[in-house]
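Chemist: Given next are the chains, with one letter for each unit.
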Amino acid sequence: MMVGYLLMLISSIFFLGIVNRIKSIASGRKGSSVLQPFRDVLKLFKKGAVYSETSSLLFRVAPTVAIVAVLTSMLVVPFAGGNAVFSFSGDFVFFAYMLALGRFTMIIAALDTGSSFEGMGANRETLYGLLVEPAFFVMMGVLAMITGLTSFTEIFKAFNTIGDYSLLLGLLFSYLVILIAMVENSRLPVDDPKTHLELTMVHEVMILDNSGFDLGLIHLTTFLKFGLYSMILTNLLVPPTWAIGYQVVCFTAVVAVFSVLVGLLESFRARNKMGKNPPYLLTLTALGLLGLIVALLIIQKIA
Amino acid sequence: MNIVIIVLFGVTLMYVSVAERFDTYVKLVAIQGILLFFLAFSELSGSKDMASLVFVVTETLVFKAIAVPLLLRSIIKKMRVAKVHTKALPAFYSLLLVLFAMGVSVVLADMLKIGRIEKTFMIAALFTVFTGLILVIAHKKIFPHLVGFLVLENGVFMFSLAVGSEMPFLVNSGILLDLFASVLILGLFASRIGKRLNDPNVEELSTLKD
Amino acid sequence: MNISFLLSAAFLPLFSFILPKGRHFAITITTQLLVAFISIAGVFTAYSGVSLFDSHFGIGGDLNIVPDAISGFFILIINLVCLLTTAYSQGYLAPYFSTKGKTEMALHALSLVWLQVSMILVVTLKDGFGFLASWEAMTISSFILVMFEANKRETFKVGISYLMQMHVGFFFILAGFVMAYGKTKVFGFEALTEYFALNSNVPLFLIFFVGFGLKAGFVPLHTWLPNAHPAAPSHVSAVMSGVMIKMGLYGLVRVLCSIQSSFFEIGIILLSVSLLTSIWGVVSAIVQKDLKKVLAYSSIENIGIVGIGLGLGFLGIHTGFSSLSYCGFAGAILHILNHAIFKPLLFMGAGSVYAATHTRNMNELGGLSHKMPYTTTLFIIGSISICGLPPFNGFISELVIYLGMFQNLAGQSLREIIMLISSSMLLALVGGLAIFAFSKAVGIAFLGAPRKPLDNVKEAGPWMLMPQLVLVLLIVLIGIFPKLFLNAIAPAIDMFPLVGNGQVAVEPMLASLGEVSWISLTFFLGIAVVLFIRSKAQQDVVISQGPTWGCGYTAVGSEQQYTSTSYSDSFVSLAKPIVKVSKEFEPLEECDFFPQQGSFKTGSNDLFEDMVTVHPTNRLAKLIKRAAILQTGYVQHYVLYALLFILSILVLTYFKLL
Amino acid sequence: MLYFFIISTVLIVVMAFTRNALFSKVLSLLFVANLSFLVVHAFCKKGATELVYFTFDGVGVIMLGLMLVVAAAAYVHSYYYLTHESDRGIPLYIAGLTGLLTSLVGVYLSNNLIVLWVFLEATTLTVSVLIYHHRSTHALEATWKYVFVSSIGIALAYMGILFLGAIVSPSDDITLSFSSLEALAANANPAYLRIAFLFALVGFSTKMELFPMHTVGIDANTIAPPPISAVISTLMVNSGFVAIYRLLDIVDGTVVGQWASNVLIFSGILSVLIAATYLLKSNNLKRMLAYSTLENMGLVAIALGIGGVARYAAFVHIIAHTFLKSALFFQVRQVHTTFGTYDLAKMGGYLRTYSAGAMVVLLGAIGIAAFPPSGLFVSELLIFKSLLLEQRWTIFVVTVLVLLFCIYAIVQKLLLILYAKETVAVTGVRPSVYLSIIQLLLVGFSFVVFFARDGLVLSLINDAIK
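Chains as they are written, first to last, in our numbering: chain A, 55 to 357; chain B, -9 to 200; chain C, 29 to 686; chain D, 41 to 506.
If we strip away everything but chain A, and leave its shape as in the complex, we get (with noise of 0.2 Å):
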């Protein structure tokens, strides 16, 4: 039950580092250890903090409620055909809207500083993340339909990708995932969290006042997402009937082509032009669609 959790949890710490590392190799530079961006978090927090005068006690809270909130929706997602901590019809939605939370606190407490850069990332991000929220209620869909349940734990326990047709869909649905993901954690294509001007960020101008512990949190709850996501992934690809030794193998696997993968990926592919993002991310939704339409062939709703 709590392996997945941990798993997570030491997946996350690993995973920009990983990243990180073969965007050093791919420009030719040795880079650093995996561990440094964990270290940067521990060394934040040991950090003294510089807040706004204009800001209020809401952005000292704000990240401590986005961590909790991705700590709190990682209770759901279970690993290895096995339970997650809580399980419940219906705790993908708590899934999304938690997360949903920890990005509404972000954004506020971005509009809190009362910077016009800050806004500005405030409004890209609210606006990334409504559009990406329908193709994961599409996915979800999909998936609850063909196996008639409605928790992350029995979804992931029935939804087989071998032995039936539903590997193209798994397949499909990794593909999605791995792209929420890189719009949920601000990555390429639709943000460079690497960039120097701040007119064209979008998380990363969000917390240009954050500093010391919080900053280090806002860090962390990155790290976490990826992990998250990395094991939603696992769940997706991997028999859930393999034996647990597999699975944390697997589990091994898929961190580590998901970060070499977001590393290539990050090392040579440029970011979208601001005006491309949001017809990039409704292709997400069609994705999702895409995944319905090959689920009803599935159970043959369509002949």
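One or more of the hints may lead you astray.
In silico lysine-lysine, BS3-like type, Cα no more than 27 Å apart, as pairs [as the list claims (entries may be wrong)]:
1) C:LYS213 x D:LYS506
2) C:LYS185 x D:LYS386
3) C:LYS608 x A:LYS330
4) C:LYS180 x D:LYS321
5) B:LYS199 x C:LYS650
6) D:LYS386 x C:LYS180
7) D:LYS386 x B:LYS199
8) B:LYS199 x C:LYS653
9) C:LYS185 x D:LYS506
Partial list, computed: chain B residues near chain D (C-beta under 7 Å) [as the list claims (entries may be wrong)]:
10) VAL97
11) MET101
12) ILE107
13) VAL153
14) LEU198
Just so you know, these hints were derived from the structure itself, not from any lab.
Ideal Cβ positions, reconstructed from N, Cα and C, are used throughout, including at glycine.
Fit chains B, C and D to the supplied structure of chain A, relying on the hints for placement.
Modeler: Here is chains B, C and D on its own, set in the frame of chain A:
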């Protein structure tokens, strides 16, 4: 006898519809009064109720043929203008309308499938009523309006003669209407409006509107 | 519930016409408490069978009506919201004491009480005459409340147009009742079951839908709503948005409970109109810069969500999926309750802002979090809740509706699958858009740096804060213990035409809600833990304050902040076809080296408002006005009318047209 | 009955020569007492016939009751008006008013068409004196128009009566009493009945302020002193209603019954439509109220036309309208006292300036727009209910649509008085609160109609529509 009177009456109606001089109106009203007097006499002569006969006939003569025209004449004297200058409708059209009204009266009277009322009476009465209305409609000035009303009254009176030859109280009440009209309208007219008519600005009394 | 009691109590505020202004509040709140006591006692009697009053006491013993579960549910929320808003008004109206006359204040007090009483009567009376009369009484009392600030020209216009649109709805409801009456000889809700059993269901349903939908604010019948709510004083907007528009839903629910066939068609109509409503509402909410208008449009959105629940319920009946029907209806009822809690809270918050700053324009607000910390906090909690985010109550009702959608996907036919999936997708979109709208409302209006000086701004008084606190408590309670509340409203849900065994449907849902309480508690625990760690970590380090980081540019002014207009601009450019934003400005001329002072104004128009309400009525009114040609002042014309009338009747008779 | 007429005549004569206000007031009080005796008498002896031509039936008793209330209020307002606001003489005014009321009593109670007609004539005569009260050019014009067009109307009505007379064969030894006409109408020539009904309807429409002869009533209402406008717009209108109702009673049940109903509905719809056009256009408070009378009478005509339960509605409508409209017209004078004008554009902020009066305007506007608790709500509900039950969808839709514009115009324009406007001059004269209380009472009566769903009024109406 009756038929002659009625035809003569019809002729006065035609005249009245095209008349322009105020004098002519008064004359025509007087003539109609006299004709009605004869008509009342001949219509009611068979009645058993002698008193009512005398009353009606006298009233017709005194009021319709004498008093009203005299009153009208006195009003004219007070006014500087003695002629209709502007009308709402040209004389030609009002004549056409009157002819049309005659047709309608005939048709209407025919449709009503006369029981005990003489058809000619009916036609004449309706025709007179319509002519009165047309007179009012076709004119802008108050004096012709007044004449129109008097003609209408005559029509009603004629009809009451036709219907009420056996029921004097109907006729009597018609006379009441006459009295009422003469007293109220002419009284008001003579006493108040007549004076103001000389003022060209208040000629038409049409300030109350939306 | 003794109606005569209720009515006699409602005349108590007449005393305020002779008593000084200071006493009005006491009279009002006492009366409202009395009314609440009488009506709730009625509900209590209905549930427990114990009569609190001897029904023969009072003027008419025969007017003793026992409310059923649906009525009981509505009576409770009406009393809750009305009492709290009246308490709030004690603080909110304080500045008006010096400017308003005694009569105006007394009239206001009387209308407040009457709004409550008439709404209670609306949900209690089932006979057509009583219902329609109390329906109109509700309209007229709310109209007077809206007109409270009618000295402003704009408010006056809005008030009149509100009254007229409500009256249109009234005629539709009347027509609906009469249609049923024609077949059954019963005038009122009781007739509907019999009528629906024997006749086709859709036409009558549509008539009622238009009538009640006007009150509830279904798109495109919503046009009165976004204007009337901002124009009214805030405690009135709170009542109107919190419970009064729910009266439209109440009527709809009563009609729906009697439907006997055509479930699919009606479900589709409800579902598609509701989806349109919720999306339209929230999209328009994003565009607004008037804080209360945002809230008003969000009410439309929430009405849409309730409608989605109802539509799903009907789809469930049609397909025979008991849990779909149960979850749909339960979600709808629960969302009515939830909206009645967080919307008044938000309106009160907006009212406090207005009272403090005298503006509702978000482009002139900002930075209130320092001056009004409590109001800001309460508003933020309300916003989170209205966005349907956990761990608060808004999430619960949306979850129940989602549950209905997801639990019943398997085994449906293609048509239903597509409908369910697309509704869930759109509902998710609405959720995201709501976050957009409310992050803007909170962020622009309350947070950041002040856009206009806030020297005289003070935190709202306890009278204004306490009611909001009560509502927040409810928000948290429902969010954490949803099972309790769902059990409480279960009798009302059972009144719906459910299919199958309700118990089968309700078990998984209740189980799920039970888990939600635990995970929500975990969430709060997590926050406590992290905050504790945070405070420990920050104990030994230096925490300092400085200006907001301006990316190297230090002369940052508050004018450079994002405004409401710029915040929504990215969205507006996406949603161009359905959002009309007007811009008024004078362009600079060529070679204009010394430009004069210019101005720039933006506003937003509701497409439906123009298409459905404004243009047709204006055109018709102009036409009718132009037909005013009869009173010419000429006597000859007046006589002509008589002649023409006689002639036309004769002609018509001759051709046998009369 | 006889005593009533004798006493009234004596009082009128004495009033016409009394310059002393106090004495005149005593005389008016005597008349009101006289009237109330008659009401009590009529109520106790319901159904009895006196002086051959007068019967105390349900219609008459209801109308008499209404008259007593409005007349008493009208006297009070008139004296206030005469002593405070008008420089014209008391005697003629009071005598005229009393004469008008007396002749209206005759209209209400007469059981004979001719007698009814004679008394209607008398009302025209007496009311012209009152319209001319100001002696101004406008007053002259209004009076002239009213008298002239009314006379034409009366002449046309007389034509109608003559046609009805034509169905009575001379051998029958009967008069033109309603009961005998009703008996005869069943076998009469339908063409005669039609013509008779048509002419009489047009003629009486001057009194009822119904299309097509409503035009002069509007002017009269505008020009007459407000207390008189109140009487014209309620009691006079009721007299027209009584006349048309009696007519309808005659043709009811005959072959032309349905036709007559349709004519009434036709006229009613046109009335409401015309009222809507002018309610939207007009900017004069008194004209607004006059047009609103036209609108309400249009509804009553439609109600009469539909028949059945709507006929009950017509009576409820008449009763509630009488109270409301009289209150509003009385109030109009106080508005004028406050702002010195009848022009709606020059009024504003009445709620602050004089709140008691503002309450009358507000409640009156709500009432006249037929919102509960106005009695008009009951009647309009019933009217539309029966319209729909008869499946007359077109009429329903048209009426409702037009009515909505009427309500819009009335509510909007009346409430505009209450709320502030920039350029408003106030005279500074404070109107009398006691008068406002009387008006509030009148409005209250109309609200009572809403709640009185059984009891005295209902049984009277049932008696009337039997």
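Chemist: Hint by hint, which ones does this structure get wrong, listed from lowest number up?
Modeler: 9 and 10
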